[in-house]
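Protein chains: 2
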Amino acid sequence: MDHHMISAMVKRVREIFIFFFLAMLSKAIGTKPFWRTREPADGNSNDCLSWRLAVEANNVRGWRTVPTHCQHYIETYMIGGQYELDMNYIAEQIKSYVTDLVVSGDGMDAWILDVDDTCLSNIFYYQGKKYGCDPYDPSGFKAWAMMGACPAIPAVLGLFTKLVDSGFKVFLVTGRDEETLAPATIANLHNQGFIGYERLIFRTQAFKGKSAVVFKSEIRKQLMKEGYKIWGNVGDQWTDLQGECLGNQTFKLPNPMYCVP
Amino acid sequence: MDHHMISAMVKRVREIFIFFFLAMLSKAIGTKPFWRTREPADGNSNDCLSWRLAVEANNVRGWRTVPTHCQHYIETYMIGGQYELDMNYIAEQIKSYVTDLVVSGDGMDAWILDVDDTCLSNIFYYQGKKYGCDPYDPSGFKAWAMMGACPAIPAVLGLFTKLVDSGFKVFLVTGRDEETLAPATIANLHNQGFIGYERLIFRTQAFKGKSAVVFKSEIRKQLMKEGYKIWGNVGDQWTDLQGECLGNQTFKLPNPMYCVP
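Listed in order, the protein sequences are those of chains A and B. Take the position in the first sequence, starting the count at 1, then add 327; the result is the number in the working numbering. Take the position in the second sequence, starting the count at 1, then add 327; the result is the number in the working numbering.
If you are wondering where the hints come from, they were derived from the structure by calculation, not from laboratory data. Heads up, the beta-carbon is just placed ideally off N, CA and C, and yes, glycines get one too. Honestly, I wouldn't trust all of these hints.
According to the in silico footprint, chain B covers these stretches of chain A (three or more CB under 8 Å from chain B) [to be verified]:
1) 378-387
2) 408-416
DSBU-like cross-link-like pairs, simulated, lysine-lysine; straight-line CA separation at most 30 Å [to be verified]:
3) B:Lys489 - B:Lys422
4) A:Lys537 - B:Lys556
5) A:Lys556 - B:Lys422
So here's chain A without its partners, still in its complex pose:
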């Protein structure tokens, strides 16, 4: 089949698409409601975008798994470029907020960053968990984290570097268990370039079984008692950004793969 024939076919198929599009449009103009109810080529992906938006706006809470029919959508979102765009966009927003801050400069200007899917990415792990369509598997995740092989999220590494360079004390606060995961996590953060933070705070025995909101609020409260002023607080979970002593501004990074209650 030669090039000319192929391009003729592509053209014909395009004409057919345009015909159907115009047919739909002319139908839509004459109907109520005034916004057109689209029959999308991939109905799922539009539903799944609604789901993702609802998760990110905190309208859907305490969800356990990604809806099964959204697996392909979430895969495309996570590795097709949009997740990276979204991350970059928010990191730029945060950096411009940082630039505009007028801080005390007394060495007590602090920032809080979460670790999993904030500093370090777990996409590789979740690829094996159908991008979150499979339920949470604590021992599987622990085995993965023990490997210390999580890649940095480039946008957040850039933010981290700016914060450290600007003189902020950066506190990494993670729900990872100190007893089992501290060495691997410390090494992983180091080998990915997260160097120069003030403190890496794990979940200790004292907080076992307590919710993320309770644990992280308590940590922030202790930091404020030590005299730190928390200028910003960044996480991929709403539970990173709720509770007490939230800081001057919070930023929610996207994560449609799992929800930490």
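Based on these hints, arrange chain B on the given structure of chain A.
Chain B in isolation, oriented as in the chain A frame:
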């Protein structure tokens, strides 16, 4: 051209697409970063999706206009079907929350709904304002609101009806000015089917110049003083859902056209 030829062509074009997809995939596997940076067909629409997500997750605050290059994206979002899907999705979430509530049933179970772009749609007006790319025009909006021609948002009308039928006292709380806009707003809500609410509360002289958060917090505080239990609070603006006496759960409806500070 007969049916057989067309389907053969469609098949061939599909094969070409699959070939390119596989070529891209195999390229992606060998490259860093592990997620592929896509060169999207329409770079703008992906940027604008990032912007919209950031707005809905409250990462971008106090914005004044839609980014100019996103006008077409927002138009497509608002009238192409996705906005309606998003609205329906959240309304279903809220309805399922309502169904699961165990209320006191003492006649003091309350809900708060915002009016503009929660109960009533201003899409028609914003079509003339480049879907929010033009700056806020107070007198233009007042003239529009005076016409009393805003259509109901079907998903929210359905929620409203369920709330009233379930015995909740529904309070509509709006930043619209009482003195000038009360009659038109009352008529508009009635002609669109919002019938049976407990009270419609406007912004009065006392709150002129005060922020939406201050005004709406004060109204909710007064309702709680009267003995009402606020089970839910629904609005299209984050400022509807911040401050004091927020209620048992808040729900953020999408609105990428404007931001009320």
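- request: Go through the numbered hints given earlier and state which of them the structure violates, listing their numbers in rising order.
  value: 5
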